[in-house]
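2 protein chains.
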Amino acid sequence: MALYVQKFGGTSVGSVERIRAVAERVARFVATGDQVVVVVSAMSGETNRLVDLAQAIHSDPEEREMDVLLASGEQVSIALTAMALIDQGVAARSYLADQVAIHTQGQHTRSRIKKIDTERLRADIEAGRVPVVAGFQGVDGDGNVTTLGRGGSDTTAVALAAALEADECQIYTDVDGVYTTDPRVVPDARRLDRITFEEMLEMASLGAKVLHPRSVEFAGKYGIALRVLSSFEDDGPGTLITVEESNTMEQPVVSGIAFARDEAKITVQGAPDVPGVASKMIGPVSAAGIDVDMIVQNVGAAGQTDFTFTVKRGDYADAMRLVRSVADEMGAGEVTGDNRIVKISAVGVGMRSHAGVAMRMFDALAAENINIQMISTSEIKISVVVDEKYLELAVRAIHEAFELSGNGKEEV
Amino acid sequence: MALYVQKFGGTSVGSVERIRAVAERVARFVATGDQVVVVVSAMSGETNRLVDLAQAIHSDPEEREMDVLLASGEQVSIALTAMALIDQGVAARSYLADQVAIHTQGQHTRSRIKKIDTERLRADIEAGRVPVVAGFQGVDGDGNVTTLGRGGSDTTAVALAAALEADECQIYTDVDGVYTTDPRVVPDARRLDRITFEEMLEMASLGAKVLHPRSVEFAGKYGIALRVLSSFEDDGPGTLITVEESNTMEQPVVSGIAFARDEAKITVQGAPDVPGVASKMIGPVSAAGIDVDMIVQNVGAAGQTDFTFTVKRGDYADAMRLVRSVADEMGAGEVTGDNRIVKISAVGVGMRSHAGVAMRMFDALAAENINIQMISTSEIKISVVVDEKYLELAVRAIHEAFELSGNGKEEV
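Just so you know, the sequences run in chain order Y and P. Going by my numbering, 282 is the number at position 282 of the first sequence; the sequence numbering is gapless. Going by my numbering, 1073 is the number at position 73 of the second sequence; the sequence numbering is gapless.
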């Protein structure tokens, strides 16, 4: 007998038929003697409908009220899911965040979970009932409805799994696991049986959006076994995200190839090579709420330095304006940019103990005559920036170079 | 400076434009220095949408979950209304029932308000903020979401007015007040400036559905001045429902003519004239959840009695079956019925002190050759049952007999 927290996202509860399918799946677990706590998001489309209503009233609606509004979405899902479970003969009971209670702190629309009371849920589990908990929402110290922002429902599920010491937190999505890369780019990309939290974090933050980094981080911190599965296919083990590295003899060097489209880079040439120049350049950009990703600094001509960083393409114009102004102030040289670039990364804990991983990647790109514009490395990741026109070619070349294809492997 | 509880129903908050209009109206009150607490229902159509979703899962969904589901409707309204008020420059804050808190007792889907905490609302009012409270819902002793059933939002408004000792509870609807009768039947029916709770109760329960009897009863019990107004027209005082009878010299004898279509009557002839016969006849019908309205018993032939009662037309077949079975048991005579009847009532506290009111009504009907099938009277009401084909003619005749038309009067 195991205790599972099972989270179903918006598309998984997107219609009455889908909710019924979720209930049938949960009922099968319960029938085998497992204990289940269900977490659901708002039905797909519902959040957009509510946002549109709010926007029709005000372009920037008050955040406290926005939370009250959006939280109604999960309220509908938990009630319908509980009804569907009861219809399947499974004793179930829905819970809003304040009924659990899921205590949060911080600002409206982006609160963080502080503490979860587990008395009511434990009582249900012990009585053989399935609690159905609203994801994405919480209650603050003053009893106000709060929401958790992006990735909120996954975070609720992970936090519940931690609080209840569940055996596994299962995230049901519209994909059946984490792949070595995007199968739309590399058709024979392979589903990974397991991946470490660190790898998953790098994959997620690099654009492989199966799970929000926040929930992965949370799960890693509390050592929660996290599994990504498909809610649309009945079998398949999904991908287990775990603290343990694979203990097979032949540890793969690289687990996956992630990529991020829609990147842009900005270069400042001939900046004075003095302490503090990087923070002076990045400071105003960061203060404007623009995420800066890769940062590379090189020694240039005598007493000068060249400095390049990347931002999301949508922030390119704003960032460029801010940097030009700073560069003028400090008497730097030319500020140039390119908003037609992409970032490709090889991710894998295995590269820690393997030399030559970077070379294999660079060779693969060179063999295809793809010029590398920027390089950045970490212990488990090598990222390169290339012209966006090479994206698919580059991903396929690197995927092949690290022998990640499903062909001829038994692992699936 | 007065404190108003203003309740806006589903059609009054049925769209973003309507919500904006509500906010503008409230803002005008606030601008004059009045204090306002707003109560809103779910946007029109929303409750039906939610019920349809639930029905698609189960024809008889679990009541606890039904309450959670339906309560989401008001949650959307309060958030949007608060946003719209803030957009109007009015400080506002939304409250769910459990945030207020509105404590209820009794069964899910038809709970009753037990107690309302007023601390948070009073703090808002004193700070110049407008609380926007979800109607129709409450929280039970175990923290479950409950709903109040039919007329729930009106009841919330009245209960809040009582708890806050408000000066007036204003119910905004799609009509601009209570009329002497249905203007669709009598085009020159007149809007009443005031009506007593007792009259309003009789009017409401007799089919004039401006307010649910439950909220009127509640308001009467706690002496809350209740006003019905139009949310679609900007001026007009509406109708004040009050404990005080009009103190004009010429108290009108009758305030209004109510009627109920879709009635049916069942007659048992030749029942044994012994104690307990009425309860034996009505008992099974009532036990089957069928509302019995008028009951008339007459002495028949020696040792026998004739017995007639009315039910809603939809319950006619069931009631008839039940009564036939009882009549057979007790050896009564024939059981006959008619499901093509209507009930018409003259209502007015003025008739208490006036003799001859009944005669005026009967004369009016006789002058039109309309046969009266049943008569029932109370202190402030005279009801007659007639063939449904005479409904409009009878209502107009009685309306005229009591000089209720707007013609030539200054009262409006």
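Mixed in with the good hints, there may be bad ones.
SDA-like cross-link-like pairs, simulated, lysine to any residue; straight-line CA separation at most 25 Å [as the list claims (entries may be wrong)]: (1) P:Lys1221 / P:Asp1234; (2) Y:Lys114 / P:Asn1144; (3) Y:Lys312 / Y:Pro284; (4) P:Lys1115 / P:Gly1143; (5) Y:Lys312 / Y:Ala278; (6) Y:Lys114 / P:Gly1143; (7) P:Lys1114 / Y:Asn144; (8) Y:Lys115 / P:Ala1162; (9) P:Lys1115 / Y:Asp142; (10) P:Lys1115 / Y:Lys389; (11) Y:Lys115 / P:Ile1290; (12) Y:Lys389 / Y:Pro183; (13) P:Lys1114 / Y:Lys114; (14) Y:Lys115 / P:Lys1114.
Don't read these hints as lab results, they were simulated from the structure.
Evaluation of the provided hints:
Note on Lys1221 (chain P) and Asp1234 (chain P): the hinted pairing is violated, with a Cα-Cα distance of about 30 Å set against a maximum of 25 Å. Between the alpha carbons of Lys114 (chain Y) and Asn1144 (chain P) the distance comes to roughly 23 Å, so the proposed pair stays at or under 25 Å and holds. Restraint check for Lys312 (chain Y) and Pro284 (chain Y): the C-alpha separation of about 16 Å stays at or below 25 Å, so the hint holds. For the hint linking Lys1115 (chain P) to Gly1143 (chain P), the alpha-carbon distance of about 14 Å falls within 25 Å, and the restraint holds.
Between Lys312 (chain Y) and Ala278 (chain Y), the direct Cα distance comes to roughly 19 Å. Compliance with the 25 Å bound is thereby established for this hinted pair. Between Lys114 (chain Y) and Gly1143 (chain P), the direct Cα distance comes to roughly 21 Å. Compliance with the 25 Å bound is thereby established for this hinted pair. In summary, the hint linking Lys1114 (chain P) to Asn144 (chain Y) is supported, as the alpha carbons are separated by about 23 Å, within the 25 Å threshold. Note on Lys115 (chain Y) and Ala1162 (chain P): the hinted pairing is violated, with a Cα-Cα distance of about 37 Å set against a maximum of 25 Å.
For the hint linking Lys1115 (chain P) to Asp142 (chain Y), the alpha-carbon distance of about 21 Å falls within 25 Å, and the restraint holds. Taking the CA atoms of Lys1115 (chain P) and Lys389 (chain Y), the gap is about 67 Å. The hint is violated against a cut of 25 Å. This hinted pair does not check out: Lys115 (chain Y) and Ile1290 (chain P) have alpha carbons roughly 50 Å apart, beyond 25 Å. Straight-line distance between C-alpha atoms of Lys389 (chain Y) and Pro183 (chain Y) comes to about 18 Å, which keeps the hinted pair within the 25 Å bound.
Simply put, Lys1114 (chain P) and Lys114 (chain Y) have alpha-carbon atoms about 33 Å apart, too far for the 25 Å limit, and the pair is violated. Distance restraint check for Lys115 (chain Y) and Lys1114 (chain P): the Cα-Cα separation of roughly 31 Å exceeds the 25 Å cut-off, and the hinted pair is therefore not satisfied.
Violation of the numbered hints given earlier is confined to hints 1, 8, 10, 11, 13, 14; the remaining hints are satisfied by the structure.
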